[in-house]
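Chains A and B are the protein sequences, given in the same order.
Per our numbering, the first sequence starts with residue 1, numbered consecutively.
Per our numbering, the second sequence starts with residue 1, numbered consecutively.
Since the hints were derived computationally from the structure, they do not count as laboratory data.
A few of these clues could be false.
Computed beta-carbon distance windows for the label pairs [what the hints assert, rightly or not]:
#	chain 1	residue 1	chain 2	residue 2	range
1	B	F197	A	G66	58 to 66 Å
2	B	F174	A	K114	31 to 39 Å
3	A	L127	B	F121	47 to 55 Å
Straight-line distance between alpha carbons at most 35 Å, and here's what the computed DSBU-like set of lysine-lysine pairs gives [stated by the list, open to error]:
#	chain 1	residue 1	chain 2	residue 2
4	B	K351	A	K114
5	B	K53	A	K214
6	B	K53	A	K112
7	B	K48	A	K185
Covered, in the sense of this in silico footprint (three residues per stretch, anywhere, with C-beta under 8 Å from a C-beta of chain A), are these stretches of chain B [stated by the list, open to error]:
#	segment
8	135–143
9	150–164
We put the CB at the ideal spot given by N, CA and C, even for glycine.
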Amino acid sequence: MVEKRIEITGLTKKYGDYVAVDKLTLSIEKGEIFGLLGPNGAGKSTTILMLLGLTEVDAGSVKVCGIDATRYPLEVKRKVGYLPEDVGFYNEYTGLQNLMYIAQLNNILPDKAKEAALKILKDVGLLAVKDKKVESYSRGMRQRLGLADVLIKNPDVIILDEPTLGLDPEGVQNFLKLIVTLSRKKGITVLFSSHHLHQIQQVCDRVGIFVKGKLLAEGKISSLAQQLFGKNTCTIEAAVAPISQKEECAIKPLKELKEKVKQIQGVTDVLLQENQFTIEATRDIAPELSQFFVNAGYGLHYLSKKEYGLDDIYHQYFQEQKSI
Amino acid sequence: MNTKLHSIALLKQAKIKQPNWMGFAQLFNFFRKPKSIDHVSYPLNPFKAMVQKEISDHIRNWRFIILFVLIVLACMGTLFSTLTDSIKTLGADSADNTFFFLNLFTKSDGTLPSFFVFVGFLGPLFGISLGFDAISSEQSRGTLSRVMAQPIPRDFILNAKFLAGIIVISVMLFALSFLVMGAGLAVLGIPPSAEEFMRIVVYTVLSIVYVSFWLNLSILFSVRFKQSATSALLGIAVWLFFTIFYPLIVNLILKGFEPSQYAAPRAIFLYKKLKFNLVQIMPNELFDEITSAVLVPSVRSLGPLTMEQLQGAVPSTLSLGQSLILVWPQITGLLALTLLCFLFSYVVFMKREIRSRG
């Protein structure tokens, strides 16, 4: 049995009549990178605040590393590194001083803190600018300093609230890479909230989709697709053109071909536009399909298997939301 | 210093059988660490770091430097004008007044107000300027949630802000008082008596309490309001209210009750009593009374007295203890107001949700 690092059961938070988080149940295992995906105002940040005891819980329980976060927030904060959304630093201090201050708040003794701080600054690539004031840092540098902040306490769990907000694409790539390598190296559990699908898709082992305070779906990205799109897990697009090499077998018109494709086992739907097929099937039929086209006297321009990404998953959910 | 602290902390952790006097410390620890996990902790080290940071922030702050220079200049100005004409000013009505040194703090030659007036006037401004953005600026800079995500109790941040403010104020006020004393010593050539010295120290301590009241009030506003400007303005508004508007209101009220010149003594006494009591809720009035009782030993009463009460009184100065007893209600009142502000900041802050910004 894998150790659970975060266990949330029946968590509810209300602001007046508005329910920000509604009976959320979730568990995250050790060493996992979990992506909390949802639009703005879905209750992601509120959930994170409750994980750290920074706001009151109305109902339900939160356990981080087996410690009840509402009753013993201090113990939880010892083990959890939290990078708030849009984190601020003391601008008139240098990066190193900012980091040292956090280290001291974590009861690391000054001489040890300095050693640890320098090592971590090197890990996040800020060693060269450690003695510059934070006000001169760029957005990406601040974010990396934030990560250094989180790492200096040697956490078991890292919680990152929209860490990539406001970074340029290159910065996002670097930051995500940094998170993944660090978490893999040290076996740290990461909870990563974002409304960016692609970033989550890149780094996360598991994803929870969070809309209006509810966890709509949760699991690996591939299994999410399965949950969502039912049996039609495979969509194939193919463009064909007739090749008149085999004189003996007359080329069948495309419409006839479509009917034939439909008869292949597992195919549920076929769409034909000019010479392009879009075929939905319950299983992967790409090899059979290509053979079929060739036998029918056609050549393939291309044959591509379309995988469902988070994008599709996201949109699908939003469509469902609207239809409700 | 550090290693000493550790060894003490280690002693606490390692020894299971402790002498009795450690029981209290243990209790303290119990509150701080509800769940003991085998993790050696020195709960006061982070607090020390926070206080250090706050103090250095204050001292580097332009706001502080400007006000400090202002107060120093004002006090030096008074001191200078008093000392140049020292004999005339200080010895003016000193037929039976032997407290020469105290006059340095209370008397002036009329060109500038005296030292204690300056402290009473600028002290509140100083307190407000040290505290008005204590919490709100951390919030708007986004550092509050960063600090609160660390394993420190939530009240550490309030306590650290408050303690740092008090330390800065104490250092400044003690420095000023001793500076005045030193200058007096150099110019007059007579040392202060023990009684005078004690009175000056007591006065300085009480003025620290007074300034810390304003500090606490402005911290309370900074906890309550998200904009630093709002809390600064509100702090100054309260200060203005008490120094200017409240006396006006009291006068308006008293006008209605004013007895005629020929009214019964009892009516006049009640009127005076009312007048005295109405101003007792003003922190600046409390402080004024404390100052006058502590710095002027010949002050024997604050409220109205009847002739009966005065009968048989020997017109002499009071000892320090007696002067303190005289203003004990005022001292407690001032302390109570300070604690009340602190309490409210706690109540507002402890249950609050801490978002990253705004």
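Hint-by-hint comparison with the structure:
1. Evaluation of the 58 to 66 Å hint for F197 (chain B) and G66 (chain A) yields a pass: the beta carbon distance comes to about 60 Å.
2. A hinted range of 31 to 39 Å holds for the C-beta pair F174 (chain B) and K114 (chain A), which are about 34 Å apart.
3. For the hinted restraint 47 to 55 Å between L127 (chain A) and F121 (chain B), the CB-CB distance of approximately 51 Å keeps it satisfied.
4. Our distance criterion of 35 Å between C-alpha atoms is met by K351 (chain B) and K114 (chain A), whose separation comes to about 34 Å.
5. Distance restraint check for K53 (chain B) and K214 (chain A): the Cα-Cα separation of roughly 42 Å exceeds the 35 Å cut-off, and the hinted pair is therefore not satisfied.
6. With a C-alpha separation of about 19 Å, the suggested pair K53 (chain B) and K112 (chain A) falls inside the 35 Å cut-off, and the hint holds.
7. Our distance criterion of 35 Å between C-alpha atoms is met by K48 (chain B) and K185 (chain A), whose separation comes to about 34 Å.
8. With 3 residues having a Cβ less than 8 Å from any Cβ of chain A, the segment 135–143 of chain B passes the three-residue criterion, so the hint holds.
9. Counting residues of the segment 150–164 of chain B whose beta-carbon sits less than 8 Å from any beta-carbon of chain A gives 4, enough to reach three: the coverage restraint holds.
Hint compliance for this structure: hint 5 is the single one not met.
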